[in-house]
Every structure is written in structure tokens, then in C-alpha cells.
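A.B. asks: Chain by chain, the residues:
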Amino acid sequence: MTRYTLITVLLVLASFVLQQFLPALTGLHHSRILLVQLVFLCAAVTVGQPTMLLLAFVCGFLWDAQCTLGPHGGDPEIYSQPVESLRFGYSILLFGAMGFLMQGIQPLFKQGKWYFSALLSGIAIFLYLAAEYLLITFVRGNFIFAKATALQMAYTALLTMLFSPLVFWMLFGIASICAHSINPEAAKKRRRHF
Amino acid sequence: MKPLNLIAILLFLSGAVWALTRSERTVREIQASYFSAIAPFLKSGSETEAYARSFLDEVHHSKTLEAELATVNSEMGRLRIVESRYRELERENAQLRHALDFKKATSFNVAAAQVIRRQPTTWWQTVEIDVGEERGIGTQLAVLSNEGLVGIIDRPAKDRSSVILLTDEACQVSAKVEDSPEVGILSGQRGQFEGTPLLRLKFLSKNAALRSGQRVFTTGRGGIFQANIPLGAIVSVEKGAEDSEALVRPAVNFADLGTVFVVLSKDPPKK
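Those protein sequence lines, which keep their order, are chains A and B.
Every letter in the first sequence is one number past the one before it in our numbering, and letter 113, counting from 1, is 113.
Positions in the second sequence are counted from 1; adding 1000 to them yields our numbering.
Just so you know, the hints here were simulated from the structure itself, not pulled from any lab data.
Among the hints, erroneous ones may be present.
[What the hints assert, rightly or not] Calculated lysine to any residue pairs in the SDA-like style (CA-CA distance at most 25 Å, straight line):
id	chain 1	residue 1	chain 2	residue 2
1	B	K1206	A	G141
2	B	K1043	A	L22
3	A	K110	A	T2
4	B	K1239	A	K110
5	B	K1206	B	N1146
Source: prediction; values computed, not measured.
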């Protein structure tokens, strides 16, 4: 189990590297594949709560290191109403919340019904983006929700979800190499069947 | 709840609170460490993106590009002549200044850069350029194109920098409208990723007499941007109870950013 946990953390770190090669798709409402979030969500359903929280902290911390904007600066007399930005660290809480959401259907995953988790990963990505957008709206005020924003979120969630079977396949492979069962009930059923 | 889970939640929350309470400086240090660790992959990633973009551009616009190249070539020839004339005048000007014992009062030094990555984050309108601290780039330097103001440097790294575009809500610029006493703060609008984004000029006077097409420039106040950099043109004016706001079409075509210039040293902006 320790080996599986360690490899999962490394997989999350590798997803940060791969994310650099995935640009926004301008033809598809600037949607993108959120590989880091996807790997985290898929891994979250295969591990216990402490490991999930560790992964959430690592992902949130590094994601914010990658995305946080600095202050505008300038003379405060002229720029008297600076536009607020999201604080460094907010993603840690968002990743944690998504992780708990995924763990909610862990019993189904343990029965071997991984496709429910794949579907939920898409929903979780959509909720993650919606929560981020609402946080931005909350700190900046003036609620604006354009159709293009909704489409961007929906396409991002859908595109990302399409890759979840691949990530689950990798996680099953890693678990098998580490001799660790991530869905023990399904394994028991298979043994009984044979 | 299992004691181990409870301890994990407490540790997680403590970690989150620790991260949320970091100072701006510490956050910048964390970001610098992160980007230096990931630098080789960023370079490969932006090269892949640039290659894919140039390939698609080539496929879709080869004819257009051919025509544009011919125009650019002829324009370059014309500009070379203009430049040589300009150099002559500059030399003559310097000689005259020297003769009159004038001190050189202004300097305007720029570094040319290529946009190597577009919108690397989900919500912020940013690009990355291929010059960084090695070339003297620091935070909050203005970035221009030959059409006008592009944005402001947010995070310089060793050999690349992140630029917040003028179309982002977080990029605020003190602006004035030509042939008018109106001044205000110009910034981008949230969620404008599609088509031509419009900027919003806020804090104009209640009865601002503006018309469509009037040009907007930087005032030079606020300590960041130099004066008289083109920003865009007025599209419409919305009158409010206490002040007015105007929608502005940007001077720069943000969908087609290639070469940009970072202002390294300049006339000190007015405070």
C-alpha cells in the first residue's frame, strides 16, 4: 500500500509536467483538459482519506503556485479600487472538497463499478470550475455569467472526463504491480466466480 | 470517525490555513521555486504549442500569409528608408543638443520578445513571452506591440515572463480620452474569451460627452505606464446615476499577438 501511495503522489507530480503540454483549445470555447484535477480525482477514489488529503494538499499547493497572479501595484491614489485576486492556497480546499465528493462513491468503486467514478470525475470537474468562478465573482463582485463561460466549463469537464478511463486503467496497472487491491470486493467476487 | 482520519483532516486544515496566510513575498518565492523546477518542461511545452500553432496557421492561411509576407516585405523596405532618415535626424539632433549643451532628458529602452504560450491558466487572460530576468525584465513593466498597450509583466522568471493582458479584469490602466477632459480606469471584462474582447473605461464623469470612435490613451499617471500609449477606441457610453462607463475596443489584436516589446527604462511616469 505504501508503494501504491508513493507512486500515486509521483503520478500527480507527473501530471503537472504533462499539463504544460496541454494548451487551451481556442476552437472549443477555450476549454482544456485538466489533467492534474483528473489524476487527483481518479486517485482519490482508490485511496484512503489521509492519502486523499495529502494528494489534495500537494495538488492545490502546486496548482496555486502555477496560477496565482501577483498584485497590480501602482500608485494607490490612482488605482484606488484594485481588482481582488484569489488568495494563494484556496485550491487546496477545493481539491479537498472534490476528493471528499469522489470518496462518497468509493463503495461503488470497490464493487468494481469504476465507470460511476469516471462519470463523477466529469461532474466534479464542472463543480470545481463553477466553484472557482463563483469565488472569483465573490471576491470581485458584479455577477457576470456569459454563455461562453458555461460552455467553456462544460467542454472542459467533458473533455477531461473522456480521459478518466485511461487514468483508471493506469491506476489499476500500478495497483497490480504494487500487489495492492484498490477494489477488494470486486476481486473477491472474481475469485468466487472462478 | 477513525482517529487517523481526524488527525489527517486537522493536518490538512492546518496546511491550508498556513498556505492561505502566506505573505505576497513568500508566495512569489514559492512560485519562483516551482517555475525553476518545472522550467525544462515549460520550454518543451511552449515549443510544442508554438509548433502546433504555426503548423495550423500554415495549413489554414498559407495563401493569406504569402500575400501578407509580400506586403510586409514592401513595408519593411519603406520603413528601412524611413529609419535611415530617422537615424540621420537623430544624429543631427544629438549634435545640436550637444552644441546647445542640453542634457539628454529621456530614455526609452525596450526588449523585443516573442509570445511563446497563450492563456496557460483557466481564468486569467495571460501569455508567456521568451524574455526574463536575464534581459532585465522585472515585475510591473509595460508590454507594448506596434498597435498599443498589450499588458503588464506579472511574473518574470530567468528566461521567460508571464504577462497579464489588458483584456484581463485585473489589468487596470489610468486612461484619458482624446479631445476630451475625461479620464478613468480602463480594464478588461470577466469571461470574455470569445471574439473581440471589449474593455471597460470606468469612473468617467456623470455627463461624459463622448462619441464612438474617440481614441483612448494612457495618462501616464499611477506609476506604471508611460503617457500617450494607444489603448483603443470608444464603442459606446453607458450613463449611470453617479458616473459613466464606456466600452472600448482595444487597439491591439490580442488574437494575433506575435512580437511584443517590454519597456525596460523610460521617462519616469507621473505620480
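A.B. asks: The structure should be examined with respect to each hint, and the outcome stated for every one.
C.D. replies: Outcome of the hint check:
With a C-alpha separation of about 22 Å, the suggested pairing of B/K1206 with A/G141 holds against the 25 Å cut-off. In summary, the hint linking B/K1043 to A/L22 is supported, as the alpha carbons are separated by about 13 Å, within the 25 Å threshold. Of the supplied pair hints, the one linking A/K110 and A/T2 holds, its CA atoms being roughly 19 Å apart against a limit of 25 Å. Restraint check: the Cα-Cα separation between B/K1239 and A/K110 comes to about 60 Å, which exceeds 25 Å; the hinted pair is violated.
Annotation: proposed proximity of B/K1206 to B/N1146 is violated, straight-line Cα distance about 33 Å (limit 25 Å).
Checked against the numbered hints above, the structure breaks hints 4 and 5 and satisfies the rest.
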